[in-house]
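As a plain string of letters, each chain reads:
2 protein chains.
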Amino acid sequence: MQNRKILLSENEIPTHWYNIVHDMPNKPLPPLHPGTKEPIGPEALAPLFPMELIKQEVSTEKYIEIPDEVRDIYKLWRPSPMYRAYGLEKALDTPAKIYYKYDGVSPSGSHKPNTAVAQAYYNKQEGVKRITTETGAGQWGSALSFACNHFDLECEVYMVKISYHQKPYRKVMMNTWGAKVFASPTNLTEAGRKILAEDPDSPGSLGIAISEAVERAAMADDTKYALGSVLNHVLMHQTVVGQEAVKQMEKAGDLPDIVIGPFGGGSNFAGISFPFIRMNLEEGTNIRCIASEPASCPKLTRGVFRYDFGDTVGMTPLLPMYTLGHNFVPAPIHAGGLRYHGAGVVVSQLLKDQLIEATSHDQLECFEAGVLFAQKEGIIPAPETTHAVATAIREANKCKEEGVGKTILIHLCGHGYFDLAAYENYFAGNLVKHEVTTAEIEANLAQLDTPEIG
Amino acid sequence: MQNRKILLSENEIPTHWYNIVHDMPNKPLPPLHPGTKEPIGPEALAPLFPMELIKQEVSTEKYIEIPDEVRDIYKLWRPSPMYRAYGLEKALDTPAKIYYKYDGVSPSGSHKPNTAVAQAYYNKQEGVKRITTETGAGQWGSALSFACNHFDLECEVYMVKISYHQKPYRKVMMNTWGAKVFASPTNLTEAGRKILAEDPDSPGSLGIAISEAVERAAMADDTKYALGSVLNHVLMHQTVVGQEAVKQMEKAGDLPDIVIGPFGGGSNFAGISFPFIRMNLEEGTNIRCIASEPASCPKLTRGVFRYDFGDTVGMTPLLPMYTLGHNFVPAPIHAGGLRYHGAGVVVSQLLKDQLIEATSHDQLECFEAGVLFAQKEGIIPAPETTHAVATAIREANKCKEEGVGKTILIHLCGHGYFDLAAYENYFAGNLVKHEVTTAEIEANLAQLDTPEIG
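These protein sequence lines are chains A and B, in that order. Residue 1879 in the numbering used here is what sits at position 420 of the first sequence, and the numbering runs on without skipping anything. Residue 1876 in the numbering used here is what sits at position 417 of the second sequence, and the numbering runs on without skipping anything.
No lab work stands behind these hints, which were simulated from the structure alone. Keep in mind that the hints are not guaranteed to be accurate.
For identical chains, the list gives no copy identity; a pair is met inside one copy or between any two copies.
What the hints assert, rightly or not - Calculated cross-link-like contacts (lysine-lysine; reagent style DSS-like; alpha-carbon spacing at most 30 Å):
#1 1710 with 1534
#2 1521 with 1486
#3 1464 with 1835
#4 1835 with 1534
#5 1534 with 1859
#6 1892 with 1835
#7 1706 with 1464
#8 1521 with 1549
#9 1521 with 1620
#10 1549 with 1639
#11 1835 with 1588
#12 1464 with 1534
#13 1710 with 1835
#14 1556 with 1496
#15 1706 with 1534
#16 1464 with 1514
#17 1865 with 1534
#18 1639 with 1857
All values derive from a computational prediction rather than experimental measurement.
All chains, please: the whole structure from these sequences, using the hints.
Rendered as structure tokens:
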């Protein structure tokens, strides 16, 4: 009998986050002011984030030390286990070796607490009393609630109203960890009141919820805002995942040929892949790192690389990113965490420089992959996570066709216990293939008047 | 920074189940035929269970080897982690050391797959094609679905109709692992049709669901039935939990003074405690093992030790057990897994012989304990599991009063991700204290005409 799991001990939790910016051949371009279109400095972020996180956002240091207090909370679930997917390999009858790194063991069920705990810590250090954020599907709001609870910070989560009613369990989870959860739009903010005045029955949107959370943070000195993906410091905090995975692959006596993460804004893909990209850059390995995105929201595979806003309304700084246009409205697929028009700045530059790859899958292929994974490995993956599984299956099938035994590593970033309604819809045949047409993408991009990148 | 987790490697998964019957000073009394009231032999169970499980049911061997195929599936989540509850200790300001053994890491989220996998394996070995069972809250049905899927067995789950509609996610989980789930009463069985003829809108009950599952198994040669608690072999399979815990406590350089498990039919309490009771019997340790039951269903603390039926209708053999009477209807508390009128035979004899203790808590105290645990340790416990947490808190507070630093071990047997509606009810103040009166218990027991034990 072979071992299925590769485990690390708590003293092998990484001591530093890895900042890939230090090693990038081309550094990210600067953000631009939304009005003047001139480059802006870190001070522009001061109303929203504590100073240490702003420093990390613009840092080019290679490693940033993880505070002991953060590592101590990481110990509740880290190091997360790595598994060899013997069951899946056998079902696919592939010569490929498949491993998965499972971050669904965290209390909130995904990789998100890796950055939530760090962000809560630095806010606490700088005297902040309250953190606001938005959440759609609920993964990020749950993680931040968990983290704030540990540092005795108040947490206000603006949850898109339609999700608030569709996913009541996520709200209860956040309440259990002491967070206040509001169905957005609310009457608590100018932004919310304006929307409600126009449409008292508004179902809300992530864009509105962001506006509400940001407004609350900007309004009060003791309140800051937190983001769960896209920004450099968020992606960097996730590198604990990949650093552990590097060690675990070594322990298994193996080296991945292919590393795969689902792709929304970049945080889970960055988490698993950046430490392997470092190996490519420094040690001459040739590990393919593949970002797996939904065919209905294909910014990496079919978007353009240009400056664009991070939000729908156009209030944030302009960021150099792969984008479908900030006004792009993705189809209502169940992988809510991947329904974002743009890609984080660092990941975008890496793709531009061909240091990573990207691919896409429609949701039917993803759920099929998720069900097979659940049957062969036990864990039911979150809809977002099924994208990486689908890519792994595609690559493993290619190995079979070509008779080549590659080693594939999946970031299994979250479980689907809160997403079983989505699986139910899939079983009932209610899900359709969502693939956006070229005409739609082009029409959307044609409306963009943000600066192009030469 | 201290370590929070005590981990074992896969080669430390126990190789044998521990059969406490071998070491019991007084062996369990034999079951009686429901009609003749004469002792019955193992052959009476043959229509329902495969021969190897019947052998285990009546075995007095001390150890029974775990087949490699079963251990291989155990590796998907075993050995399960043990944690030192530093956060909870600090919150209670207690000199006690608190540890918890966490079996919620299994794919179905509880300790139940420890026996489900074993039962599915032996059924497969003996050529069975299909296993039937009943489920209320859904933990057992989920575990058996997962297990059957791994051995390519069909699985039919009769789920109490009201739960089927109230907990749709559990059903989807079982479907994902390939099981057929029916809202009981159904039209598929004589028992179901009879109920539906009388009341087409019947919400069902565990008693009815058992009748349906048993009828289906008895009807077909290639179909057997499986139980998730109460029986000797089921309790024995769970001893992998306690055997791992013994090793983990050794690794931590500690020995528990108190071991606590929630109590429904006995399976999770037996799992954690039997290997520690073995130490008491063989090695002269003096570890208190406490079964923690709901105040609304207090068979161990306020029931009587006599022969009684395992089911409501009175069709099963008569078993020597602590019972509130087989017609006892527990209040509709949220810890559905603990709403059973009787206790497993082995656990009952151990209590009779004062080798274990029992205590009870009302559900408000349990949810309060569960929320505190979630806030200090991250994991949100299942309502059943909160009973053990409540007992641990009571004992830790006693340590504080007395200024004694005891070591307490909790079996944290399952997470509450599927039970957040119960937490929501608790937060909303909708839960009431359910404590059964002595008059109710006495009135119920007065109706019993089953044999007394001299």
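Going down the list of hints, with the structure as the test:
no.	hint	result
1	1710 with 1534	both (20 Å within a copy, 18 Å between copies)
2	1521 with 1486	within (13 Å within a copy, 66 Å between copies)
3	1464 with 1835	both (15 Å within a copy, 28 Å between copies)
4	1835 with 1534	both (28 Å within a copy, 13 Å between copies)
5	1534 with 1859	between (39 Å within a copy, 27 Å between copies)
6	1892 with 1835	within (25 Å within a copy, 43 Å between copies)
7	1706 with 1464	both (13 Å within a copy, 19 Å between copies)
8	1521 with 1549	neither (40 Å within a copy, 36 Å between copies)
9	1521 with 1620	neither (41 Å within a copy, 58 Å between copies)
10	1549 with 1639	between (46 Å within a copy, 25 Å between copies)
11	1835 with 1588	between (46 Å within a copy, 19 Å between copies)
12	1464 with 1534	both (18 Å within a copy, 7 Å between copies)
13	1710 with 1835	within (24 Å within a copy, 32 Å between copies)
14	1556 with 1496	neither (48 Å within a copy, 59 Å between copies)
15	1706 with 1534	both (17 Å within a copy, 21 Å between copies)
16	1464 with 1514	neither (37 Å within a copy, 33 Å between copies)
17	1865 with 1534	between (32 Å within a copy, 24 Å between copies)
18	1639 with 1857	neither (48 Å within a copy, 34 Å between copies)
Checked against the numbered hints given earlier, the structure breaks hints 8, 9, 14, 16 and 18 and satisfies all the rest.
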